[in-house]
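Asks: Assemble the complex: chain P is given as a structure, and chain V must be docked to it using the hints.
For the record, the sequence lines run as chains P and V. Read in order, the letters of the first sequence are residues 2 to 379 in the working numbering. Read in order, the letters of the second sequence are residues 15 to 127 in the working numbering.
Since the hints were derived computationally from the structure, they do not count as laboratory data. Any given hint could be a false lead.
Pulled a few chain V residues facing chain P out of the computed Cβ check, cut under 7 Å [said to hold, decoys possible]:
{"#": "1", "residue": "A73"}
{"#": "2", "residue": "V74"}
{"#": "3", "residue": "N100"}
Each residue gets a CB set at the ideal place from its N, CA and C atoms; glycine is no exception.
Here's the letter readout for the chains.
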Amino acid sequence: MIYGKSTGVDIAVIGGGLVGAAIAYGLLEKGQSVAMFDEGEAAFRASRGNFGLVCAGAKGDKLEDYAPWALQGVEVWADFAERLTAATAIDLELEQNGGMVFCPEEQDLAARTATMERLRRRSGLDFDVLRPAEIARYMPGVSDNFAGGIFCSIDGAANPLKLLRALHAAVSRTPGASRQDARVSRIEPGSGGGYRIVTARGTTDCQKVVLAAGLGNLAMAECLGVKLPIVPMRGQILVTERHDPVLTVPSEQVRQNRNGTFLLGGSWEDVGYDTSTTFEVTRDIAALAVRYFPFLKSVRLVRSWSALRILAPDNAPIYDEIAPGAYLVTCHSGVSLAALHSGKVAGWIAEGILPEEAAPFHLGRFAAATPEPEVAHG
Amino acid sequence: MNKLTTSFSAPFPLFRPIGDEPAEILLELDGKPLAARATDTVASLLLRHIAPETYRHSAVAGEPRAPLCLMGVCFECLIEIDGQKNQQGCLVRVRDGMRVRRQIREGGCDEQA
Numbered sequence: 002m003i004y005g006k007s008t009g010v011d012i013a014v015i016g017g018g019l020v021g022a023a024i025a026y027g028l029l030e031k032g033q034s035v036a037m038f039d040e041g042e043a044a045f046r047a048s049r050g051n052f053g054l055v056c057a058g059a060k061g062d063k064l065e066d067y068a069p070w071a072l073q074g075v076e077v078w079a080d081f082a083e084r085l086t087a088a089t090a091i092d093l094e095l096e097q098n099g100g101m102v103f104c105p106e107e108q109d110l111a112a113r114t115a116t117m118e119r120l121r122r123r124s125g126l127d128f129d130v131l132r133p134a135e136i137a138r139y140m141p142g143v144s145d146n147f148a149g150g151i152f153c154s155i156d157g158a159a160n161p162l163k164l165l166r167a168l169h170a171a172v173s174r175t176p177g178a179s180r181q182d183a184r185v186s187r188i189e190p191g192s193g194g195g196y197r198i199v200t201a202r203g204t205t206d207c208q209k210v211v212l213a214a215g216l217g218n219l220a221m222a223e224c225l226g227v228k229l230p231i232v233p234m235r236g237q238i239l240v241t242e243r244h245d246p247v248l249t250v251p252s253e254q255v256r257q258n259r260n261g262t263f264l265l266g267g268s269w270e271d272v273g274y275d276t277s278t279t280f281e282v283t284r285d286i287a288a289l290a291v292r293y294f295p296f297l298k299s300v301r302l303v304r305s306w307s308a309l310r311i312l313a314p315d316n317a318p319i320y321d322e323i324a325p326g327a328y329l330v331t332c333h334s335g336v337s338l339a340a341l342h343s344g345k346v347a348g349w350i351a352e353g354i355l356p357e358e359a360a361p362f363h364l365g366r367f368a369a370a371t372p373e374p375e376v377a378h379g
Numbered sequence: 015m016n017k018l019t020t021s022f023s024a025p026f027p028l029f030r031p032i033g034d035e036p037a038e039i040l041l042e043l044d045g046k047p048l049a050a051r052a053t054d055t056v057a058s059l060l061l062r063h064i065a066p067e068t069y070r071h072s073a074v075a076g077e078p079r080a081p082l083c084l085m086g087v088c089f090e091c092l093i094e095i096d097g098q099k100n101q102q103g104c105l106v107r108v109r110d111g112m113r114v115r116r117q118i119r120e121g122g123c124d125e126q127a
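So that you can see chain P by itself, here it is in the shape it has in the complex:
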């Protein structure tokens, strides 16, 4: 693919993962002129390694404002999927049959129930507290070797790889909008206002820039003199061989894909930028999955991988205009929030007005924890 030495667009989106591609898709839908810069295989690519839950039930425990935002994101997901599938003919394999949060011990169940009650007062998200015998109605084959779980009927899962492929297909319908193997080395002030995006292949001038590069946002924000409080948090995932379809309700520990394979996961490791997999975590993930679903004992693993979550101190997203016309979007939940990112968040970038319910996610909320007087507030 050849682009000119220097080209111009209204909006440059840095990052071609689930966040960047959802925003680029949304901006194109709104008639904006967009260039999406996708780094390529060298990137950490959380979008290619994630579990695919479409989930509100587990969100907001550290920042209550996240609960209604996540709920809204899950509520509009089906419409978003329908439009994206209509545009690309790619089935996102969305299923919202409910989602389960397992609580191994009684104290876990009590604590989780208290959190859910607190968040329900904020967001209205409904849930059920279930014992193993009741969970078996939703999840056949579940054991009784744990305290219980929280069931949110609105939750579900999609195929994150299909989602990413569909977003890229949708963006690529506009010639020149999707720029592959286009690692952005820096953002510079534009000569006539706006910004200049610099890659190895040339430069692109733009009026606005969206920082949606996952962990790459750290370096991008630094170009604008802003330090971000995001860190990598490793998750390891195991995938099994195919099995007869039995499980239509997912959890963070076990979900069955449309193709019959099971994904096993749920590890959280603070190990920096290390994307290797380890024996100990593989063993622990498998052991917990078998504790909940004993029949998995005879289902064999095919492979494993790890990916890095992009985590803010309160696990919630950050939306902020960190410099005039420079929009920061970072989050851990690129799947759950994809519909909102292509809708309201793209609208914010196009029209400049952040919806009231997204206002709490400004960068300044971390100012007390990470004193950075030069940080701009949107």
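Replies: Quick look at chain V alone, frame taken from chain P:
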């Protein structure tokens, strides 16, 4: 022996044996006895005794599948052996007393009588 082997004889088997090696290994296919040659793999044995479209149904779509590459690459020959599902039949040599079970959807495929 003849009676045992004919209980799984397909009307048009995909393969026939070469040489005159005796069938001296006795195993179970879907709970019924079947005699095999010592050099057989599970896949080679079945390809002589069942209609290939009754070898396996895929896990999700339930489509008929049969051994293809016979060298461990294509994973089409998956079959339950001694209680463990999804073994590669083309890589497993037959053994006396082995219990082989085809992964067939219930009601999806006629038993060879």
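Asks: Please name the hints from earlier in the document that this structure breaks, with their numbers sorted from lowest to highest.
Replies: Going through the list in order, the structure violates no hint and respects every one.
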